[in-house]
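A.B. asks: Chains A and B, in that order, are what the protein sequence lines are. For the first sequence, the positions run 1 to 593 when this note's numbering is used. For the second sequence, the positions run 1 to 89 when this note's numbering is used.
Since the hints were derived computationally from the structure, they do not count as laboratory data. Just so you know, these numbers come straight off a predicted model, no measurement behind them. For glycine and all other residues, C-beta sits at the position ideal for the given N, C-alpha and C. The reader is advised that the hints may include incorrect statements.
Straight-line Cα separation of at most 27 Å, DSSO-like style, residue types lysine-lysine; simulated pairs [said to hold, decoys possible]:
#1 A/K248 / A/K123
#2 A/K73 / B/K85
#3 B/K25 / A/K59
#4 A/K248 / A/K269
To list a few chain B residues with every Cβ distance to chain A over 12 Å, as calculated [what the hints assert, rightly or not]:
#5 A20
#6 G40
#7 K46
#8 P57
#9 N84
#10 K85
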Amino acid sequence: MSGDHGKKTFVLKGIGVSPGIVTGKAYLFDPVDIQLSFYKLNDASLIPVEIKRFKNALKESERQLLEIQNDLKKTKINEPLYVIDVHILILNDKNFITRTIKYIRRLGINAEWAVRLVLDRYKKIFAGVEDSYISGRISDIEYVTQRVLRNLSGKKRETIWELGDDVIVIAQDISPADTAQLKMEKVMGFATDFGGRTSHTAIVARSMEIPAVAGLDNITQLVHTTDNVIVDGTTGLVIVNPHPEMLKRYEVKKLHYAATQEEYLKYAKLPAVTKDNYHIKIGGNIEFVEEIPMAITHGAEHVGLYRTEFIYITSEKLPTEEDHFNNYRQVVEAKELNWSTIRTFDLGGDKFPSNQKPLKELNPQMGLRAIRFCLREVELFKTQLRAIWRVGAIGKVKILFPMISGVEEVIEAKKLLREAREELVAEGVQVASEMEIGAMIEVPSAVVIADKLAREVDFFSIGTNDLIQYALAIDRSNEHLTYLYEPLHPAVLRLLKRVVDEAHKANIRVAMCGEMAGDPLCCLILLGMELDELSMNHLDIPRIKRIIRKSSLEEAKVLLEKAMSFSIASDVRTYVQDYMTQHFPQEFQKDED
Amino acid sequence: MAEVKTFELKNKLGMHARPAANLVKVAQKFKSDIYLEYNGQTVNGKSILGLLTMACPYKGKLTVRIEGPDGAEAMQALGALIENKFGED
Numbered sequence: 001m002s003g004d005h006g007k008k009t010f011v012l013k014g015i016g017v018s019p020g021i022v023t024g025k026a027y028l029f030d031p032v033d034i035q036l037s038f039y040k041l042n043d044a045s046l047i048p049v050e051i052k053r054f055k056n057a058l059k060e061s062e063r064q065l066l067e068i069q070n071d072l073k074k075t076k077i078n079e080p081l082y083v084i085d086v087h088i089l090i091l092n093d094k095n096f097i098t099r100t101i102k103y104i105r106r107l108g109i110n111a112e113w114a115v116r117l118v119l120d121r122y123k124k125i126f127a128g129v130e131d132s133y134i135s136g137r138i139s140d141i142e143y144v145t146q147r148v149l150r151n152l153s154g155k156k157r158e159t160i161w162e163l164g165d166d167v168i169v170i171a172q173d174i175s176p177a178d179t180a181q182l183k184m185e186k187v188m189g190f191a192t193d194f195g196g197r198t199s200h201t202a203i204v205a206r207s208m209e210i211p212a213v214a215g216l217d218n219i220t221q222l223v224h225t226t227d228n229v230i231v232d233g234t235t236g237l238v239i240v241n242p243h244p245e246m247l248k249r250y251e252v253k254k255l256h257y258a259a260t261q262e263e264y265l266k267y268a269k270l271p272a273v274t275k276d277n278y279h280i281k282i283g284g285n286i287e288f289v290e291e292i293p294m295a296i297t298h299g300a301e302h303v304g305l306y307r308t309e310f311i312y313i314t315s316e317k318l319p320t321e322e323d324h325f326n327n328y329r330q331v332v333e334a335k336e337l338n339w340s341t342i343r344t345f346d347l348g349g350d351k352f353p354s355n356q357k358p359l360k361e362l363n364p365q366m367g368l369r370a371i372r373f374c375l376r377e378v379e380l381f382k383t384q385l386r387a388i389w390r391v392g393a394i395g396k397v398k399i400l401f402p403m404i405s406g407v408e409e410v411i412e413a414k415k416l417l418r419e420a421r422e423e424l425v426a427e428g429v430q431v432a433s434e435m436e437i438g439a440m441i442e443v444p445s446a447v448v449i450a451d452k453l454a455r456e457v458d459f460f461s462i463g464t465n466d467l468i469q470y471a472l473a474i475d476r477s478n479e480h481l482t483y484l485y486e487p488l489h490p491a492v493l494r495l496l497k498r499v500v501d502e503a504h505k506a507n508i509r510v511a512m513c514g515e516m517a518g519d520p521l522c523c524l525i526l527l528g529m530e531l532d533e534l535s536m537n538h539l540d541i542p543r544i545k546r547i548i549r550k551s552s553l554e555e556a557k558v559l560l561e562k563a564m565s566f567s568i569a570s571d572v573r574t575y576v577q578d579y580m581t582q583h584f585p586q587e588f589q590k591d592e593d
Numbered sequence: 001m002a003e004v005k006t007f008e009l010k011n012k013l014g015m016h017a018r019p020a021a022n023l024v025k026v027a028q029k030f031k032s033d034i035y036l037e038y039n040g041q042t043v044n045g046k047s048i049l050g051l052l053t054m055a056c057p058y059k060g061k062l063t064v065r066i067e068g069p070d071g072a073e074a075m076q077a078l079g080a081l082i083e084n085k086f087g088e089d
């Protein structure tokens, strides 16, 4: 971490979306455009390595062009062939090659940078040519250099990882699919331009237990690959090119954080029972089968939310019934888990271009997705339903339908579920004898008709992320609106209270699987409402259990009543925050920095 | 001993990409050093980038200078190519 004192230190403030502190080297990740990083070589011994990389990229580029040319020859289109000739001649042009190598040697820079400089030089020369046809030929040179750069970046991925193990990925946003492109085992943290606590970045980071800060606006423009970076996912700070002293301070913090994590884990396996004996069941939210062991060590008693979108996103073709079954089986086979709630896939038409015209939706969040899409693409939906019935024969499974906005959707989904079972039975396939059916409560209309919905299902699961977004009319990917995203908004509290009360009136259980369930600050509020189950990211479990074990239902009810008497969201927050820091000082230590 | 000869470009578009590509491909077949001069600017005849940056137009006077063992053959081949308008129009 030395040798960077000359670089300017600066601090960026975003939203801490996955806790923990990490220090490492920045890596700019751009899944769409060519990823370029320009850097000085630290050591003269790297010069031949860069020259070799450059030459290899040239060779690879020529190979690709010859392949394209051969393909074109087969189609008997001769016109563009000479263009490729020109491109190959440019690739092999001595001026081009020797100048690039000269730049690498003289300036001590990496091949990408040198190629860029050569291109810039030719741009200047060609701009001076009067003949517009000739000056337009710069586009051929640009084309060739782009290809070389692309081939360099393909190789570069490996060399970047060779820089060290502690890589911090800097990106606009990270989607679960992007993680496939990254060597995740080397990634220590994320810092992104977009997103809030419920963004993809946040979900990916928390599921991998690595610190992340989102909503930094323009970090991708400010940070360069190989810059030293500290990501503090607890406070939402990103420090770029830190002073050595600052770095030392953070190393201490890091250790402190790790120690508290260990302390928390002691509570992980204990049940979440209050001092006056109210028992809340604690589940884990998972997306990947690989997360199950971590969820169990952190104290998950069941899987309260198994997101199944992953199965669709990562495979090229539509997943088969067997693909579903094999994934689910690994979940239900974990003996430590009392049950697993499988949520049917929450995706929209844009993910299934083969089945219909791809939909360009202006507002996909409120578009044709989740249960709406499933009820339209019945066969697609049934494939998943069949797999869930089958896995129910092996272990305890509950099914959860997302984005329910009306009773008719539940009735329709239940009909399909029944049909799927009848078909399997007719085929002589082993299926579960029965299955608990749940409705996700995440659309405000579902809250309003919670009493009616409760008659149709066995349980509710409140998805707070969407519910808050829809109830308060905020686009959760818009970081300028993050300040409005307030789980403690009086309206949100009333909605939640209503769902719980209506569920209990109808004698059904009510769970929460949104981010709010794992937010320690909201813990007593939810307890006061008498939720039956909370399901959260496994990292949050030990802390939530510890708070619940130190509290009583009685005090939680008093706190809830007081909190619900305020008219202004910030008053609720201030009150709850003060209460929690006073009564649980250990859990809510203030950060000095 | 150097071979030197001046030609007038007869193809309408001048030294654009396709003629330049053809010329470089022919030039690269020879061991001799091949230089092209136009308007006081000299470039390596085996470099397409050099040829393009020279931007020799229609009816431009292009001087070919060749130094090396196969200079005479090279001059003959290049001369034929230029006179034939690089095989176009």
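A.B. asks: Now look at each hint and say whether the structure bears it out.
C.D. replies: Each hint tested on the structure:
no.: 1; hint: A/K248 / A/K123; result: violated, 46 Å
no.: 2; hint: A/K73 / B/K85; result: holds, 24 Å
no.: 3; hint: B/K25 / A/K59; result: holds, 18 Å
no.: 4; hint: A/K248 / A/K269; result: violated, 34 Å
no.: 5; hint: A20; result: violated, 7 Å
no.: 6; hint: G40; result: holds, 14 Å
no.: 7; hint: K46; result: violated, 7 Å
no.: 8; hint: P57; result: violated, 6 Å
no.: 9; hint: N84; result: holds, 16 Å
no.: 10; hint: K85; result: holds, 15 Å
The structure does not agree with the numbered hints 1, 4, 5, 7 and 8 stated previously, though it agrees with the rest.
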